[in-house]
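These protein sequences, in sequence, are chains A and B.
In the working numbering, each residue's number is its place in the first sequence (first place is 1) plus 1141.
In the working numbering, each residue's number is its place in the second sequence (first place is 1) plus 1141.
Possibly wrong hints are sitting among the right ones.
Reference excerpt, derived from the structure (chain A facing chain B, CB under 8 Å, subset only) [said to hold, decoys possible]:
| id | residue |
| --- | --- |
| 1 | ALA1319 |
| 2 | VAL1334 |
| 3 | ALA1350 |
| 4 | MET1357 |
| 5 | THR1358 |
| 6 | SER1373 |
| 7 | ASP1384 |
| 8 | LEU1390 |
| 9 | ARG1398 |
| 10 | ALA1450 |
| 11 | ILE1464 |
Over 10 Å on every C-beta distance to chain B, these chain A residues come out as not near it, computed from the model [unchecked claim]:
| id | residue |
| --- | --- |
| 12 | ALA1204 |
| 13 | ASP1221 |
| 14 | VAL1227 |
Simulated from the structure, these hints should not be mistaken for lab results.
The C-beta atom is built at its ideal place from N, Cα and C for all residues, glycine as well.
Number of protein chains: 2
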Amino acid sequence: MTDPTGIGGPVLVIGSGLIGASVGLALRRAGVDVLLRDADPDNLAVAVDAGAGRIAGPGDLPALVVVAVPPSLAGQVLADASAEFVDATLTDTTSVKESVLADAIARGADPTRLVGGHPMAGREVSGAAGARTDLLDDRLWVLTPLAESGIEHVRQAHRLVSACGAYPVEMGAREHDAAVALVSHTPQVLASVLAGQLLASDPDRVRIAGQGLRDMTRIAGSNVGLWTDILSANAGQVAAVLDEVVAALSRTADALRSGDGREGVAGMLAAGVEGQLLIPGKHGAAPSAYREVTVMLADRPGELGRLFAVASEAEVSVEDVRIEHVLGRPSGLVALFVRPEAGEDLVWALTERGFDVRV
Amino acid sequence: MTDPTGIGGPVLVIGSGLIGASVGLALRRAGVDVLLRDADPDNLAVAVDAGAGRIAGPGDLPALVVVAVPPSLAGQVLADASAEFVDATLTDTTSVKESVLADAIARGADPTRLVGGHPMAGREVSGAAGARTDLLDDRLWVLTPLAESGIEHVRQAHRLVSACGAYPVEMGAREHDAAVALVSHTPQVLASVLAGQLLASDPDRVRIAGQGLRDMTRIAGSNVGLWTDILSANAGQVAAVLDEVVAALSRTADALRSGDGREGVAGMLAAGVEGQLLIPGKHGAAPSAYREVTVMLADRPGELGRLFAVASEAEVSVEDVRIEHVLGRPSGLVALFVRPEAGEDLVWALTERGFDVRV
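For reference, chain A alone in the conformation it holds in the complex:
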């Protein structure tokens, strides 16, 4: 039997939450025999029903073990798996690497078979019920081999990542933790703290909130237990970034109070403009690469479909779509993003077909 992934045996996924079950689904898609374990039988049943794999039996011998449990448990689970499957490659999916890997080794995991991992994917939901076959498609998946990691085990980890449709990126565990403290963990704290401020305020004040506040608090809805774990496991790195943010915010507050701090405020804002340009992703890096065509849709079923049908007939490829929401409902205002040279064709086609194209 051929094995296009090259993994050469079953993969055991321990932990059938959002990431574990999604890894199982992606590996099944790639034709891999996936074994599942979860301390919670209900979660396990949901993952099996979803097609993420089968329940591991006593005779099953995995070539690779993926530990997809919260950071506070991952060290022990990796150590146990190391003892149970003495030849298997061991990896995990937790979002903190240095403390988790050190904990695993301290508890007896074999460092020569251990390669840390962290797929850069997630959703605002958690649990096997939120799992998707495509969750990892085209995502970066950081791998943090140890100095002791055997080359064949590093290769197995790369095969796992590719089999799941993701792109492997190698970096050191400490470097990874510093990076996620900056780009993921600190943003989470800022979103949660900002959203928390709303609790103490007059509800009428929140009523006039716009898209800015919604964007800035979207991730505040994340799972409290999981994020307590993540932040605690990366405590030092996160606290260091928070210190810098606190210093910058305090400088801004002081500048505002001084009555003579326009330069300080302007400098803070200008650094933000410059910093934002460093972020990968179309909206962050090059918002002006596309022409935006805005259409006010009638509030009838199927209008959005009709809109796209006209674009399609006009042979205009829509690169992106945004629907704005105001007062808690879709505004009917749809922004289509197309290549600049196609903008006029689209405006013409839509106008001709009676759409309310806004200038």
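Once you've looked at the hints, dock chain B against the given chain A.
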């Protein structure tokens, strides 16, 4: 000649930036005679060309003057307009109310004709070139009448708001400023400070950033001069909110460093979850009201159009669309949000037509 808006005369818009030119466009749509002024002749020409109004002549007598200039200039411009047009209602569109109105009165504006205003709308772009007829449609527009404001002038301000397609909300100037400090000005500072942190970091760290960081820094791209003005004009209220945010962030950093601070971290995260639920808007308030159907599109022009055509044929009304972006390009992964009862129909129709619907 009938005047459906009831304003009963021309409206002079002073300042042809994003908001001023959009007000002009919306009033022209409502059939109002709009006079435009701008210190910058190029900006004025763009606004006139866009159809936002005509250049004010010596004999033109406005019934209402809308001052749409930055906060640092608005007081003087309101005072000048008060002296020039001794019967006109005076309003503005600046995002800070107490200091601007006090400045206007100190410089001689007639308080009986003065009604502060702030449309809750904006874009990441600025200038007349970014103006849109629909920018104010369905938006809240805060009006802050003074104790001295004459009732007929308050009514005129309401007519202006309605003529622009927005919804008037009355509140006190100080209450407005406290509200925007919380829901708009502090989020702007947090986004800018967070984005600014990226400048000092290793570029490789930013490479693994995901949607969370993009959301948290989207508004960091805003206009530096305008926002320096806004924050400076609302300095006291913004500094007060920043102090609270700094205190909460410092408590979190301390809890992380204490090694025994899980409760503090969990409490901060839980407050964020609760606070987020207070924010109006579909995604913030009720993310689970719709069924999400995810489709991986082939990278061919028109696929998005074909997708919508199938939904339309299946008589499924798509309530929202999101396209994810990874590694700086659209991933091909499209999430359609539909009413829960329509989800199965859509999955069936798309699968039947060969679309790659993901579980």
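Inset, instruction - Please write out, lowest number first, the hints stated earlier that are contradicted by the structure. - result: When the structure is compared with the hints, none of them turns out to be violated.
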